[in-house]
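In short: position in the sequence shown from 1, add 2, done, that's the numbering used here.
What the hints contain is simulated information worked out from the structure, not anything from laboratory work. Keep in mind that the hints are not guaranteed to be accurate.
As the list claims (entries may be wrong) - Distance ranges between label pairs, derived from CB positions:
(1) Ala110 / Asn142: 20 to 26 Å
(2) Thr55 / Gln144: 37 to 43 Å
(3) Gln58 / Glu211: 21 to 27 Å
(4) Thr147 / His179: 39 to 45 Å
(5) Thr72 / Ile139: 23 to 29 Å
(6) Leu146 / Gly53: 42 to 48 Å
(7) Gln23 / Gly87: 37 to 43 Å
(8) Ala155 / Glu51: 43 to 49 Å
(9) Asp149 / Gly24: 15 to 21 Å
(10) Glu51 / Gly123: 39 to 45 Å
(11) Gln109 / Gly205: 14 to 20 Å
Computed from a prediction, not measured in an experiment: that's the story for all the values here. Even for Gly, the Cβ is constructed at its ideal location relative to N, Cα and C.
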Amino acid sequence: MANILALDTATEACSVALSWQGQRYELYEEVPREHTKKILPMVEAILAESGVTLAQLDAVAYGRGPGSFTGVRIGVAAAQGLAFGADLPLIGVSTLQAMAQRAIEMQAAPVVIAAIDARMGEIYHGIFRNQQNLAIIEENEQVLTCDQLAGSAELSGVAVGTGWQTYQQELMVKYPHVDVSANIILPHAYDMLPLAQSEFTLGHTVASENATPVYLRDKVTWKKLPGRE
Numbered sequence: 003m004a005n006i007l008a009l010d011t012a013t014e015a016c017s018v019a020l021s022w023q024g025q026r027y028e029l030y031e032e033v034p035r036e037h038t039k040k041i042l043p044m045v046e047a048i049l050a051e052s053g054v055t056l057a058q059l060d061a062v063a064y065g066r067g068p069g070s071f072t073g074v075r076i077g078v079a080a081a082q083g084l085a086f087g088a089d090l091p092l093i094g095v096s097t098l099q100a101m102a103q104r105a106i107e108m109q110a111a112p113v114v115i116a117a118i119d120a121r122m123g124e125i126y127h128g129i130f131r132n133q134q135n136l137a138i139i140e141e142n143e144q145v146l147t148c149d150q151l152a153g154s155a156e157l158s159g160v161a162v163g164t165g166w167q168t169y170q171q172e173l174m175v176k177y178p179h180v181d182v183s184a185n186i187i188l189p190h191a192y193d194m195l196p197l198a199q200s201e202f203t204l205g206h207t208v209a210s211e212n213a214t215p216v217y218l219r220d221k222v223t224w225k226k227l228p229g230r231e
């Protein structure tokens, strides 16, 4: 099993997690607008707690979005810096997928409908299925209004994400048989670890300079590390 550090700052939550020799550790805080100050000290704390150095790890996973533009950028930049300094590959994990993974691990959910409040009357939306205890995307992630959402009167599953808090009435019209009681609101880096393990096993990693966020909205650009093409 690979030894992986995961971090996520894409929403109001700021979290880091570590998979080290089969054990998982996590630090999690809800600290809106404080991610820049918090993320690297949290990384240092979790490495100190486990007695591990970055150089001993196999990869760094980061929450690639969707989520807050600023939050996603902070997380990707932090992961790039850590991975570049320790010469480690990077693994991007969807924030929607991470929440779906939490529903699978906590409730053995067969299907998860994830929705993050994207502001401006829109949601970031994705549907995931439980395949051998991993959240696998079934319907492409997209940003849209609840009115634009096709939905499914037949689909049953577990709802996760802040979108279900903000637009519960509108979303329940689209998914009348979905369970909204899971109370999984924000992504945790802890739930990125099994997804990152799977990606690492498949060889789905990138060099630090090639890590990119996923915003879903158009007309958003990303600057790579200085001096790199």
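Determine whether the Cβ-Cβ distance between glutamine 109 and glycine 205 falls within the hinted range of 14 to 20 Å.
violated (31 Å)
So does threonine 147 sit 39 to 45 Å from histidine 179, Cβ to Cβ?
Violated: the Cβ-Cβ distance is about 22 Å, outside 39 to 45 Å.
So does aspartate 149 sit 15 to 21 Å from glycine 24, Cβ to Cβ?
violated (46 Å)
Could one say that the CB atoms of glutamine 23 and glycine 87 fall in the range 37 to 43 Å?
violated (22 Å)
Would you say the C-beta atoms of threonine 55 and glutamine 144 sit inside 37 to 43 Å of each other?
holds (40 Å)
Do leucine 146 and glycine 53 keep their Cβ atoms within the hinted range of 42 to 48 Å?
Given about 46 Å between the Cβ atoms, the range holds.
Does the Cβ-Cβ separation between threonine 72 and isoleucine 139 fall within 23 to 29 Å?
Given about 25 Å between the Cβ atoms, the range holds.
Are glutamate 51 and glycine 123 spaced within 39 to 45 Å by their CB atoms?
holds (42 Å)
Alanine 110 paired with asparagine 142, Cβ distance criterion 20 to 26 Å:
At 24 Å between Cβs, range holds.
C-beta pair alanine 155, glutamate 51: status relative to the range 43 to 49 Å that was hinted:
holds (47 Å)
Could you see if the CB distance from glutamine 58 to glutamate 211 stays within 21 to 27 Å?
At 22 Å between Cβs, range holds.
Of the numbered hints given earlier, the model fails hints 4, 7, 9, 11; all others are met.
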